[in-house]
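Novice: The primary structure of each chain is shown beneath.
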Amino acid sequence: MTVLEQPGSYRLSPPPAWRPRVDPAPLLPDAEPYRLLGTDADLEKAPGRDVLLRLHRELVRGRRYNEQATALTRQGRLAVYPSSTGQEACEVAAALALKEQDWLFPSYRDTLAAVARGLDPVEVLTLLRGDWHHGWDPKAARVAPLSTPLATQLPHAVGLAHAARIKGDDVVALALVGDGGTSEGDFHEALNFAAVWNAPVVFLVQNNGFAISVPLAKQTAAPSLAHKAVGYGMPGRLVDGNDAVAVHSVLGEAVERARQGGGPTLVEAVTYRMEAHTNADDSTRYRTDGEVDAWRDHDPVRLLERELRERGVLDDATAEDVAEGAEEMAAGIRERMNADPELRPMDLFAEVYAEKTAQLREQAAQLRAELDAEAEGNA
Amino acid sequence: MAQALNRAMRDAMAEDPDVHVMGEDVGTLGGVFRVTDGLTREFGEERCTDTPLAEAGILGTAVGMAMYGLRPVVEMQFDAFAYPSFEQLASHVAKMRNRTRGRLPMPITIRVPYGGGIGGVEHHSDSSEAYYMATPGLQVVTPATVADAYGLLRAAIASDDPVVFMEPKRLYWGKAEWDPEAPEQVPGVGEAVVRRSGTSATLITYGPSVPVCMEAAEAAREDGWDLEVVDLRSLVPFDEKTVVESVRRTGRAVVVHESQGFAGPGGEIAARVGERCFHYLEAPVLRVAGFDVPYPPPMLEKHHLPGVDRVLDAVARLQWESDWVEGGQ
Numbered sequence: 001m002t003v004l005e006q007p008g009s010y011r012l013s014p015p016p017a018w019r020p021r022v023d024p025a026p027l028l029p030d031a032e033p034y035r036l037l038g039t040d041a042d043l044e045k046a047p048g049r050d051v052l053l054r055l056h057r058e059l060v061r062g063r064r065y066n067e068q069a070t071a072l073t074r075q076g077r078l079a080v081y082p083s084s085t086g087q088e089a090c091e092v093a094a095a096l097a098l099k100e101q102d103w104l105f106p107s108y109r110d111t112l113a114a115v116a117r118g119l120d121p122v123e124v125l126t127l128l129r130g131d132w133h134h135g136w137d138p139k140a141a142r143v144a145p146l147s148t149p150l151a152t153q154l155p156h157a158v159g160l161a162h163a164a165r166i167k168g169d170d171v172v173a174l175a176l177v178g179d180g181g182t183s184e185g186d187f188h189e190a191l192n193f194a195a196v197w198n199a200p201v202v203f204l205v206q207n208n209g210f211a212i213s214v215p216l217a218k219q220t221a222a223p224s225l226a227h228k229a230v231g232y233g234m235p236g237r238l239v240d241g242n243d244a245v246a247v248h249s250v251l252g253e254a255v256e257r258a259r260q261g262g263g264p265t266l267v268e269a270v271t272y273r274m275e276a277h278t279n280a281d282d283s284t285r286y287r288t289d290g291e292v293d294a295w296r297d298h299d300p301v302r303l304l305e306r307e308l309r310e311r312g313v314l315d316d317a318t319a320e321d322v323a324e325g326a327e328e329m330a331a332g333i334r335e336r337m338n339a340d341p342e343l344r345p346m347d348l349f350a351e352v353y354a355e356k357t358a359q360l361r362e363q364a365a366q367l368r369a370e371l372d373a374e375a376e377g378n379a
Numbered sequence: 001m002a003q004a005l006n007r008a009m010r011d012a013m014a015e016d017p018d019v020h021v022m023g024e025d026v027g028t029l030g031g032v033f034r035v036t037d038g039l040t041r042e043f044g045e046e047r048c049t050d051t052p053l054a055e056a057g058i059l060g061t062a063v064g065m066a067m068y069g070l071r072p073v074v075e076m077q078f079d080a081f082a083y084p085s086f087e088q089l090a091s092h093v094a095k096m097r098n099r100t101r102g103r104l105p106m107p108i109t110i111r112v113p114y115g116g117g118i119g120g121v122e123h124h125s126d127s128s129e130a131y132y133m134a135t136p137g138l139q140v141v142t143p144a145t146v147a148d149a150y151g152l153l154r155a156a157i158a159s160d161d162p163v164v165f166m167e168p169k170r171l172y173w174g175k176a177e178w179d180p181e182a183p184e185q186v187p188g189v190g191e192a193v194v195r196r197s198g199t200s201a202t203l204i205t206y207g208p209s210v211p212v213c214m215e216a217a218e219a220a221r222e223d224g225w226d227l228e229v230v231d232l233r234s235l236v237p238f239d240e241k242t243v244v245e246s247v248r249r250t251g252r253a254v255v256v257h258e259s260q261g262f263a264g265p266g267g268e269i270a271a272r273v274g275e276r277c278f279h280y281l282e283a284p285v286l287r288v289a290g291f292d293v294p295y296p297p298p299m300l301e302k303h304h305l306p307g308v309d310r311v312l313d314a315v316a317r318l319q320w321e322s323d324w325v326e327g328g329q
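Same order as they appear, the protein sequences are chains A and B. In terms of my numbering, the first sequence is residues 1 to 379. In terms of my numbering, the second sequence is residues 1 to 329.
Among the hints, erroneous ones may be present.
[Claimed, not checked] Taking lysine to aspartate or glutamate pairs in the DMTMM-like style, the calculated list, with each CA pair at most 20 Å apart, reads:
1) A:K167 - B:D16
2) A:K167 - B:E46
3) A:K139 - B:D160
4) A:K45 - A:D281
5) A:K139 - B:D18
6) A:K139 - A:D169
7) A:K167 - B:E240
8) A:K356 - B:D239
9) A:K167 - B:E42
10) B:K175 - B:D37
11) A:K218 - A:E184
12) B:K241 - A:E362
13) A:K99 - A:E256
14) A:K167 - B:D18
15) A:K167 - B:E15
16) A:K99 - A:E67
17) A:K218 - A:D281
18) A:K167 - B:D50
19) A:K139 - A:D170
20) B:K241 - A:E355
21) A:K139 - A:E100
22) A:K356 - B:E240
23) A:K356 - B:D160
24) A:K167 - A:E256
25) A:K356 - B:E15
No wet-lab data here; the hints were simulated from the structure.
This is chain A alone, in the form it adopts within the complex (with noise of 0.2 Å):
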């Protein structure tokens, strides 16, 4: 029998292994979701008043912008609509937790997140519409395009933070991913380059419980989606996604400390899709009535406004003017969308290369040519 054939006998000391940099334990997240409403939490005091009554505000707009571009949906004034009914929460706490040099990288779903942040409404509407691929101006307003292809703009907050530390300017980037999303690779490898590079970045996953159809359990056999964090050597945090107080103290302390030079966090928010994936899905199929209702409970918008009503903090007037001003913006958008938008073919060839090749003014001279004679014919 050889030395290696005995268990035990192996005497030489290994050499030095590699070892994670810091110790895993402050970085697991709560057992159960972190909640403030209906604790004993002085909500007066933080966020204060200002705070609440603003994250009412805007849930209440976006709760009625969800119907309405669903409407319009049916319509046929968009092409798509993916509703972040039941998640509006999270869309408008994301949008609230940064400050107005911060950027918002918003996936397909979170036009509500855009919309909170003060962008006009209709721009935000441009890609599902369909005369464009994009609305507003990035830059701008600060928050990147609709990501169609999931967990990439991902790895594009985290470039965009990194590149904005060396330029020494105080920016932070908040990426926001659904739970399917998290079983991308360019997930795993934006989490991993911001870890590395402690990139002033914060990732808010929306975990509604199916992507399309497949529930998390599918999806992943991890404990939660928060303690994903963990691997990549960051804090994860784990959080009633309906609980627009809770998301918005969370994502607060996150982008708080990754402005502060701590790094990035990934915060799991916990909600719940209450329509399905978009108008092309049938959400009968993979889900019942019931389990529907029991988030009907919980949502979002009537937790809020209970419980600012039980503290005083809302009162009938307040609530009747905010749900006037959500009217007004729906009437705004419902009278905007029913005008036919303005098409621009040319535009084709804009835009594909700061100076077009030769191939494109051919094709687009041709181009020219077609609507020419198809207004000559119409004239």
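Chain A is fixed; fit chain B onto it per the hints.
Specialist: Okay, now just chain B, sitting in the frame of chain A:
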């Protein structure tokens, strides 16, 4: 050529603090081909960064950096290692300018050492340029000379559009004379060059096949052929003018490249020449390309790579004889 590429990055970094080099092993090691040698020493780890080993992450973070105004130069260590980054490339790098109506240009240079002839094992010798050419929004360039390596890389880094910069690996260590202190200026992205003037046929080529074609042109003189050699330098944008003018002059054309022939770059080039030069042609436009096989193991690559003899065979077939077409060639 490796030295010229190194010099190009060094000069660009010295002139513009927004130029950042990043990739796996580009720092302390100076790249596996030493193309980034000394950049970290000179400009610091922040400007020439060893990244985690993740091509999608390298290119994806470069997108965010470009959004914030930097000009990233990323290295994909070998041609086939770039494939994990394709989603970022196709879905974001190539489209961002267009989808945001010019508000977010992507001034990213993606350096891809490509092609065979260096005895690399599998995944180290692919000619992947056709994938990039098939993606609108990307520029695709490839130098064949040391002067072009310097000039084109400077132009690529200065370009406000994403440039896939294909570096022919087997030309890295050529013996050509080059004065790094006085780099020759070359035209920017998008201009082909006539490397050798001739009258009886045009060889249209680029990158690692340029020296092959130059050698073939010399050898063909014995058989009475006076061959013109056009080095495309830039696959996208494609310099149709230089190519068409040449073929109209000579009346015959062979497209030569290392990547596969089927659905390869030569198909596009031959089709364009056919459309533009049909009445000037004395013979069909021929292609000499790598076989339509996964890149072979190193001990067999000499049978795969189009060499001088294969080019000369094609040139011989340009002398129109009806029977070779009927023979199913």
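Novice: Can you name, in rising order, the numbers of the hints this structure does not satisfy?
Specialist: 4, 7, 16, 25
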